[in-house]
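Protein chains: 2
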Amino acid sequence: MTLDRSLIAGLPAFADLDGPGLDAVLARARSSRFPKDSEVFSQGGEAASFFLLLAGHIRVVRTSPEGHQVIARYINEGELFGIAVAMGRSTYPASAVAAVDCVVLTWPNAAWPDLQARVPSFAASAYQTIGSRLQDTQAQVMEMSTQQVEQRIAHALLRIVSQSGRKTEQGIEVDFPITRQDIAEMTGTTLHTVSRLLSAWEDEGLVKGGRQRVVVTNPHGLMVVAENRRRK
Amino acid sequence: MTLDRSLIAGLPAFADLDGPGLDAVLARARSSRFPKDSEVFSQGGEAASFFLLLAGHIRVVRTSPEGHQVIARYINEGELFGIAVAMGRSTYPASAVAAVDCVVLTWPNAAWPDLQARVPSFAASAYQTIGSRLQDTQAQVMEMSTQQVEQRIAHALLRIVSQSGRKTEQGIEVDFPITRQDIAEMTGTTLHTVSRLLSAWEDEGLVKGGRQRVVVTNPHGLMVVAENRRRK
DNA sequence: GCTGCTGTTTGCTCTGGCGCAAACAGCATA
DNA sequence: TATGCTGTTTGCGCCAGAGCAAACAGCAGC
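Protein sequence lines correspond, in order, to chains A and B. Residue 1 is where the first sequence starts when you use the numbering used here, and the numbers rise one by one after that. Residue 1 is where the second sequence starts when you use the numbering used here, and the numbers rise one by one after that.
Source of the hints: derived by calculation from the structure; they are not laboratory data. Glycine included, every Cβ here is placed at the ideal spot set by N, Cα and C. Wrong hints could be hidden among the right ones.
Here are the computed distance ranges between Cβ atoms for each label pair [as the list claims (entries may be wrong)]:
no., chain 1, residue 1, chain 2, residue 2, range
1, A, R230, B, T168, 43 to 53 Å
2, B, S121, A, T193, 44 to 54 Å
3, A, E169, B, M223, 51 to 61 Å
4, A, S42, B, G67, 34 to 44 Å
5, B, T179, A, Q69, 27 to 37 Å
6, B, E77, A, V100, 46 to 56 Å
7, A, T193, B, P20, 57 to 67 Å
8, B, G44, A, Q151, 18 to 28 Å
9, B, H68, A, T193, 18 to 28 Å
10, B, A124, A, S132, 16 to 26 Å
11, B, A9, A, Q151, 47 to 57 Å
12, A, Q212, B, R30, 53 to 63 Å
13, A, R89, B, Q148, 23 to 33 Å
14, A, S90, B, E202, 36 to 46 Å
Model the full assembly from the supplied sequences, consistent with the hints where possible.
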């Protein structure tokens, strides 16, 4: 099965590639579907492939030995993920779970050295992805060290909505199902605290909730909360 | 000034290099001294170079807009740091401060593409460094999400001591000056809490403190604390 | 339309660890 | 030997947010 260039031509990861370059990249890939809640790869499993998300949303989850779960990030359409090979790792450090039905491009790790040599801008894009994830994660550590729960949750919501928001009449909605528990696992807090805060924000007209739904109705107001600039 | 191969021949970053490879790498580098407390590079500053620590210890610090400081990591002898260029970044995301007098190799970023092409194993080592920092940072997020302060501090201490410990008669000592405040900034807690816990541990015979000094006298006991397996 | 499951809300209690304050101790300099 | 400066210790009060419990609500399947 041959994949069409148009699948990936518009993506930032391939911005610098010409037609033949795109074909070279696609020649080694295959596309597959992952239904909602299925695992694309599993924490600790041998890293045999790397991936690009064509459609859908993917949750990257780490589980501690004691069974605690933490959501490291959400992958959006067009992003590379599971690129353990680019970091010289042989196992996946986290699991990737489809938050909705997804379409994923898969490359075998064996293709990496060759791709890196023949399509250097593709490799550069992978390295940049890793670099920006490192930045994001370090920023998260800073947030967790210095900010209170309310600001952290507000920031997290704004980030989600800015990366994976869908405009509606009411405001900007997270365009995949997300539970209060998920938000808690992203911010290092508890389901209960998230629920309480969202309820409070709903009363203030900042957000609107629903089952596995969050709509930010007043992004600017939420930013004020995130920056801790509100007059209590 | 020409640098001698022996400077770097034993380092993991150059493990795969032969003699000419080492020379090629060194040809573009220059070596310099940084006195204690001086900055090797500064957060937000334009990233013009990347570095390797030949001797000493370096503290990587991020400062928030509100002035909060967080210690992202310590760099040990033989490690690459400030490799913004490998992540496609144009500014440094943190500052690097010499914790003791240091000797540092410096390459201009301009040398990177060439080195990457001619000494691929050097580039690979840089990418692996970034990858393992991402792992470390994500592990830190997990710790901060799921563990209490006591465990986090115990883990942090064990990590420091295993990476930069010096054996003494008393136990393993952190071999650079480190304050309670530093430990607090590594673990997202406060000077006071760190001091209290170290005092308590000293009473239990796990560690021994001093001004800017920490000696772990009973690593195994401290691991029990870190794993939260103690009978209170 | 009923049933069950999964996710959400909310009240109450309790406590880890932060913030403040003050005293104290090494170490360097005059 | 005295004087500061910087880092450390410790006591005390407080509160953000966790933990527990219980009721509630949307949605899927029968």
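Right, here's what the structure says about each hint:
Between R230 (chain A) and T168 (chain B) the beta carbon distance is about 52 Å. The supplied range of 43 to 53 Å therefore holds. A hinted range of 44 to 54 Å holds for the C-beta pair S121 (chain B) and T193 (chain A), which are about 48 Å apart. The hinted range of 51 to 61 Å is satisfied by E169 (chain A) and M223 (chain B), whose Cβ atoms lie roughly 56 Å apart. For the pair S42 (chain A) and G67 (chain B), the supplied restraint of 34 to 44 Å holds, since their beta-carbon distance comes to about 42 Å.
In this structure, T179 (chain B) and Q69 (chain A) meet the distance hint of 27 to 37 Å, their C-beta atoms being roughly 34 Å apart. Between E77 (chain B) and V100 (chain A) the C-beta distance comes to about 48 Å, which sits within the given range of 46 to 56 Å. A C-beta distance of roughly 59 Å is found between T193 (chain A) and P20 (chain B), which places it inside the suggested range of 57 to 67 Å. The hinted window of 18 to 28 Å between G44 (chain B) and Q151 (chain A) holds, with their beta carbons roughly 22 Å apart.
Distance hint for H68 (chain B) and T193 (chain A): a CB-CB separation of about 22 Å, consistent with the stated range 18 to 28 Å. Roughly 20 Å separates the CB atoms of A124 (chain B) and S132 (chain A), a value that falls within the hinted 16 to 26 Å. Evaluation of the 47 to 57 Å hint for A9 (chain B) and Q151 (chain A) yields a pass: the beta carbon distance comes to about 49 Å. At about 57 Å, the CB distance of Q212 (chain A) to R30 (chain B) agrees with the hint of 53 to 63 Å.
Judged by the Cβ atoms, the range 23 to 33 Å given for R89 (chain A) and Q148 (chain B) holds: they are separated by roughly 29 Å. Here the CB-CB span from S90 (chain A) to E202 (chain B) is close to 41 Å, well matched to the stated 36 to 46 Å.
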